[in-house]
Amino acid sequence: MSQSHRLGAGLIDTTKTLGFRFDGRSYIGHPGDTLASALLANGVRLMGRSFKYHRPRGPISAGSEEPNALVELREGARQEPNTRATTVELFDGLIAKSQNRWPTLAFDAMAINDFLSPLLAAGFYYKTFMWPAAFWEKLYEPLIRRAAGLGRLSRQDDPDVYDKGFLHCDLLIVGAGPAGLAAALTAGRAGARVILADEDFRIGGRLNSESFALSDVAGAEAALAMVAELASLTNVRLMIRTTVVGVYDHGIYSALERVADHLAAPDPGKPRQILWRIYAARTLLCTGATERPIAFANNDRPGIMLAGALRTYANRFGVAAGRRVAVFTNNDDGLRSAHDLAALGAEVVAVIDSRNGETVIDSTGWLGLKAITIRDSQGRTRQIACEALGVSGGWNPNLHLASHHGARPQWSDAIAAFVPGPQGPAGLAAAGAASGRFSTHGALQSGMDQALAALSDLGRKAKPITLPDAEDAPTRITALWHVPGKGRAWIDQQNDVTVKDVVLAHQEGFRAVEHLKRYTTLGMATDQGKTGNVLGLAVMAELTGQSIPATGTTIYRPPYSPVAMGALAGRSRGADFRPTRLTPSHKWATEQGAVFVEVGMWLRSQWLPRQGETHWRHSVDREVLATRKSVGICDVTTLGKIDIQGRDVGAFLDRVYANTFSTLAVGRVRYGLMLREDGMVMDDGTTARLGENHYLMTTTTANAVSVFRHLEFCRQCLWPDLDVQMISVTEAWAQFSVAGPNARKLLEKLVDQEISDQAFTYMACGAITVCGGLRARLFRISFSGELAYEIAVPTRYGDAMIRALVEAGRDFDAVVYGTETLGVLRVEKGHVAGNELNGQSTALNMGLGKMVSAKKDAIGRVLSQRPGLVAEGGLRLVGVRPVDPHAALTAGSHFIAAGRSATAEHDDGWLTSVVYSPHLGHAIGLGYLRDGAARLGERLRAVNLLAANEVEVEIVSPHFIDPDGERLRG
Amino acid sequence: MDNRKLIPLTPLNLLAPLAVTIGAVTITEVADLAMAALAIRHGQDKAVTKAAAKAGIALPPPGRFQRASPYGAFWTGPQMWMVEAPIGSHDDIVAILKPWFGEAASLTDQTDAWARFRVTGADLPVLFERLCSADLRAASAGAAIRTVIEHLGAFLLVVAADRIEILTARSSAASLHHALTTAAKSIA
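If you're matching them up, the sequences are chains A and B in order.
End of the first sequence = 1593 in my numbering, gap-free, step of one.
End of the second sequence = 196 in my numbering, gap-free, step of one.
Hints listed in this document are in silico derivations from the structure and should not be mistaken for laboratory results.
Computed from a predicted structure; not experimentally measured.
Not one of these hints is a red herring.
Below, simulated PhoX-like cross-link-like pairs (lysine-lysine); rule was C-alpha separation at most 20 Å, straight line: (1) B:LYS13 x A:LYS1368; (2) A:LYS1372 x A:LYS1252; (3) B:LYS13 x A:LYS1210.
Quick list of simulated restraints, FRET-style, between CB atoms: (4) A:THR1167 x B:HIS159: 48 to 54 Å; (5) B:HIS159 x A:GLY1462: 20 to 26 Å; (6) A:GLY1197 x B:ARG154: 26 to 32 Å; (7) A:ALA1494 x B:ASP53: 49 to 55 Å.
For every residue, glycine included, the Cβ atom is placed at its ideal position computed from N, Cα and C.
Same shape as in the complex, but just chain B (with noise of 0.2 Å):
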């Protein structure tokens, strides 16, 4: 693809993704990881099971992540999965994806819908006890959890408990990080 005349930017509108460390915790914007959608149409389950399967893509139970190369997915509703893959390789996952699951699932682009941010830091739940409801002392690595910060509906994703990942709609990214760096001033 030839995008020499046009230059994507963060969901932060940078050109590079922009990390900031305060006090124990930093926050990095994700900007390469490609994301699609993934639900199993009607009568669908098994077909869906086995092509993931082949894919190499885990479908994790309600509340869970998880993540191989290339592909990572974590659970967002009924028979519903959010899929990644690096961008590098899978900038149209779509269209890489649609050969495994053909009409059996409804596949849709979500790379560009959502904001990521990784968060680490060595004791997590401090922060984010100023930012949710989430228990992420009783979260273990591998836990996907829907929630609400600032007003703004959020997944994070407890890769470790030193790094969540934290996903929100794409336009509120700079009010999102603005919370998150606000919570991390408290707590310096």
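Looking at chain A on its own, in the form it has when it is part of the complex (with noise of 0.2 Å):
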């Protein structure tokens, strides 16, 4: 198809041509062309399916305010709906489809909702689908969501690869219009740091819409000009096809950057868009203005658009949107229009001033604007036939940035629009037509005005710059927000609400804005009521006549157009979405095909399987009889250590444990229990005294981290008086466990001392060196309850040490052990661990009620001596197993008598951690019990509800393994 309503050249570039596909059919357009203009430049103005009543719809304006020409971009996995085709730039090889129709664009067969639209009018979804409750999600929401849908997604994950990034500057200019551009010069000059964002991919704003000159140079070449200077300037960052999203606190923005949308792909391994989070000194808000329509009846056609609009595509796109067109004003900028057209040579069949007292009361045309019907000021009524209609009812200062914090707008009446309020976010301040100056001279009068006060503020010197000569006409304005009569008047085309809607909310009570907005979805979607939303509340100030100020605003939040999740999860997505932490044995275990699993940023060892093994248990159990048996190896490398040093760390440790440790000879370890400051456990550790004034503590891997900043907060803010330094060394040590009868014998190969029973005894810790002097630690320490050792090497040497205590562990069978082992060893034994300290359990609870010193002060030690807490009868420690061996436990299963229901004031404990040990050839399990102590030998039901199983079960010690402590000591 030839382009028939091309009139020029506008400021494409037609020496070029590229080719799209719309719906199936062929078309040429040009760079320099958006979907819209190529579009209409074919002749096409029927674009979309309205949401509610399918009404055919075409484009309204030329940017980012689009209800209507929303399309389907691309196709397969980076199909993209919702796409405004007045923001979409032509690339070669486009393909677009329209949406929200069935079976085609012109025939649509939902559009039978146009007729029932008397039931479909506000609230009815509320109204209708009330009863059964149980029919809203199954039922109502997906029919509804079927027929009144925007685009579909793709279904496929998103191919393209997004990225964040962090960016500074003194000066951030949010639209290149004449008042940014203006301001960037005024900054850019003075040597200040700026950005210049812009969400088009041509800066200049309006001027590359006017047919008006700055000084002598057409608009749009003199925003060229200042382009090509601000370019080379290194101290000022262009960035187009940028929209900033939104203002968080103290001088932070987000913009999101097109990188590569202009394109049919991005280039591999490039963003399609970068989420910069820009940190401004100060910001100018050069946004511009937004028109508005004037409702009247069926005033939604394909044809009809914002006056400004036509302009815009006539003068920058060379694109008449139709050969007769029309222009509905009630302010002077409407009459520019229909004389830009005029001048391009389309025919203006008729100017429409509502201030003359005629206005447009209805159309005809139902895929395309066909005729409209005028009243004029003394009643009489007339058909004109004409294709478009450019619609002026003033223009709105794009202020939705400076309302982020949750300023309200305030109302003027000289230009008939809200302006921003005077309580926008510090540092931001308004320019030009965002401000509510209209014209081009108050619009770069304005900008450089605001940028010399910006940059005065922060006492950074600048000069004016010679400003062009502009026009500065007035705003001349009537305000006109609906006219009366029969038939629908569209006020927010994107959710089709019309003027009879709002008259519906207020006549139901949703008077105020919030409740009209929510009752008729009014201002609700992607285009977020850039066009509607003061319409909207015009026509409700009327009814309630009330002034539009009184009637109330709504205010705007983040983003300002939409943003792809994708961009919003940047690179952290599948493998990427967090980074690891790998424990030094980490690549040996690999090769040995280990199985890992997530503790926090932690990749552990889960189980090795060996050649044979199918199911996790066959590892487990071998790992675990092999270590009691013989001796297995244990990566602990995750364990928080911190070393801790200063003069005072004795009885700084006294204060933070609850057992003492400020009499711990140095060479010696200790176990220790730390408190919250309301008495229940916090974590547990040992802690070795390697000095005098020297202690190495160990947390449980998942607090390392708290556990270092609680005792951040102690030393800096609790207790500043005492002497304690400390810092990480989690990182520093690449630390195995050694356990098992044959433990000693294996690091006696590979420890250049001697490390006999009576060398080195039980909680006996000490410097050493290994395999002929490397510096190590040594730790006599056992989680199993095994004779046990914890070896520390420098963390480069972690690998080449498990590879050694695997080598030198060969003559003993010995094993390699993964965190599901260590679970078992520790129930074996009776160890708490993560599922015990449960941030709700006391030492009392834990059967560990004896560490908590009476004869010193220490965080929690107060408080968990609450009577609450400490009452007999309370939950303590068990040991729990099957009374039948053959049964299974669930962890989480409740205790609950023989004979009671299993109801919640029959609850006696939990089961808090369960393995099957192979020792014993059954489950086994810990819990808390109330009353526990005093019930050994007892039976109860274990009932899981949520397992829908119960298992009786005998209480026990919670030691199954070595109750009396032989092996650890052997």
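Take the two lone chains and join them into the complex the hints point to.
Take a look at the structure:
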């Protein structure tokens, strides 16, 4: 198809041709076109169907405010719904489909809704789909969504990548129209760090849309010259295709840069978009203004658009939306459209100026405008044939960002619109049309003035620049919001909200602005009501008899325009969702085919299968039995290690631990219990005294960071008088547990010093060397209940150490075990871990009540003695075994006495940890049981209502293996 | 020391430091520096300042780092620095520093607690603005910046405009390296 509606070149490059397809048909356009301008050039006005009534629609704007011309752009995984044809930069091979229609855009069966419209007024869903409630989620909502959807998702993974980034500047200028350009030149020449961002792909704003000149140069050319100078300044960053979408605290702005949306696909490895976080000392809002329509009957037909958009299509894109055009305006600016179109050769058939008492009262043309009906000041009506109608109801400053912190806009009678209020974000000021100064001169002047003010505020010197001569026409407007009459008059075209819907909302009492919005859906969805909000508000004001400012206004939240979820996710997808921490034995374990488990960010070996093992239990049972029989090795590097030094560390530890550490001898290790202020157990672990003023604390893996943070708080805030310094050494040392009857024999092959039972007694620690001189640390501590050591070497030797341990262990059939075996060993021994350290358990609950020293004060001691916590008969740690050894236990099961119903009032406690003990040949568990210490031998029901099972269990000692501790002292 | 049996690995679990060049950016693993945390004990400011001067260790102010031979140091917190020296001569760096400071300072070996990458290239702010909020265009040589990259705590040491060293927890070396190379590919 030829470009039947192309008037001239405008600012597009007609020397090059781009082919594209819309709804399966091929068209051509040019570089510089948007999808909407190229379609209009080809005589295509119908681009979509409306949300609710499936009315045929075309674009009403030429920018991001577009409510109607939404398409599914691209195909396959890159298909993106609800893309505004008015902002899509045309590229060769572009493919777009109309949406929300079936079977075709021209014949949409769902348009039956338009005839049913009396039934589908505001509140229809709320009133109709009330009963039965259970039908909502499964039946009504899916039905409604199918009928009233926007575009469809591809349902495939997004093939593109998205970056995030961070920028800093003295002055962020949002919008590169005349105000933004003048501000950027002023600040840029003064040497300030400037970011000039514009959502368009061509800088200049309205300068690209208007026919008038700056001094003697066409506006668009003047913009190019300013851009050229700005591009030459290294302190100025020009960001085109970049929308500032949100304002956050302390001068932080988010901006979405569409790096590759104007290409068929991003270059390999390159991001499609970048979500920037901009730290701006000062910000200028130079976002211009958005024109608003006047509501009249059937004002939504393809071909009816905003007068300024009609002018933009003509001047910038060389496109006439129709051969015969009319203009309907309540202000002088609308007249410009008629002038410019006539100058370009279009036939202007009527100019209807409501200030003369004339109005447009209706239109005809189902798939595109055919004629309008005009009523003159005497009440006479006449019909005029035309294909395009430009409507101007005045302009609304784009003040959205100024309201992101909750500031209310202020009403200005002079321009009949809201302007940014005084309570906006600190450091942000508006200039140009965004501040309500609509003339080009006003924009240039205020842009410069505000830039000077911002720089002065920052203590920077700057000089005024010489501004070009520009038009300075006053804003002459007589507000007209809607033309009364029969028929539906659209206010919010994206949500199919009409004047009647606002009237209905008023009748039904939804008069507050926020109620109006929710009841009618005015201002929702992808355009966020950029063209409809003020109109709806004005109609409500008329109905209530109040002024517009008294009626109120909604404020705005980020984002200013839609942001793809992928951009918010950035690189945090799939395996890159978060970083990992790898243990020193990771490389070796990977070679062994270990199964890894996430523990926080750590990847730990969960078990290490051997050939022929087909079930995890095969591996874990083998690891457990081999460890108890001979020796097992486990990477325990992930436990937190905190190096604490200073003259007062003993006193410090006495205060943070419930038990005493100042008495610990150098070269010894002690198990410690740390309480929270409220008396609950925070963490446990061992602390070694390496020297007179030098301790090494270990924490659980899970609490390594929170304990360190807690200790820093204690050190810096509670007791700054104590001489204590600390730093994490978790990562500095690779640490391995070596446990089992042959642990010492294995280590003796590697450790250079004597470590006999006499030379290195239970709970000893010290500096050693291994393998002929590598410095290392040895701790004789046991989590498994076996004779056990932990050996630490500098982390870079961790890989070598695991290999050396495995090699030395060959003589003893040593195994390397993972976290599952670690769990079995500790449950068999009755040691508490994360399941028991659940944040609501005391030392007494854990059977460790005697560890809370009464001889000294420590964090949590006082509150741990509250009567309710120390009462007889409270929860105590117990061991649990099934009466039937073949029965499985389920962690989380609750203890219920025989004969009682499984209800909360009969709840006697719960199973915290469950493992299968290959040693005993049946499942075992730990649990908290009411008065547990006195109930050994008792039989109870372990009931799990969620898993719908129940097992008879016997309460036993939590020490299933070696209750007297002979093994670990062996 | 007889380490014949035990072979150290780099933070990326390699036998030798990895260097990759992507576009104008080269990212090199650094494994030849020993490090120790140095924290002043209460009331020992003068003693530590004096000892540091004698040992030839500059103790720079907050946000700064300074490197000479053999010692370099950067500020990590109130009364606290990270001291670095070549690992060849200072393998047991705490043992070497201890005689200078005695009980006036707490010294802790940090050599293996960190992974370090040296990033070189002509316009490094372009790379790092995709990674962290540090304002490198405003940072001069000698800046030591605490920041976060892809959830990982990190130090940036601005050695020169075209040379930045970046440190993070050693266990996350692979994740940080992935983040660096990904960003480098983005801007290449």
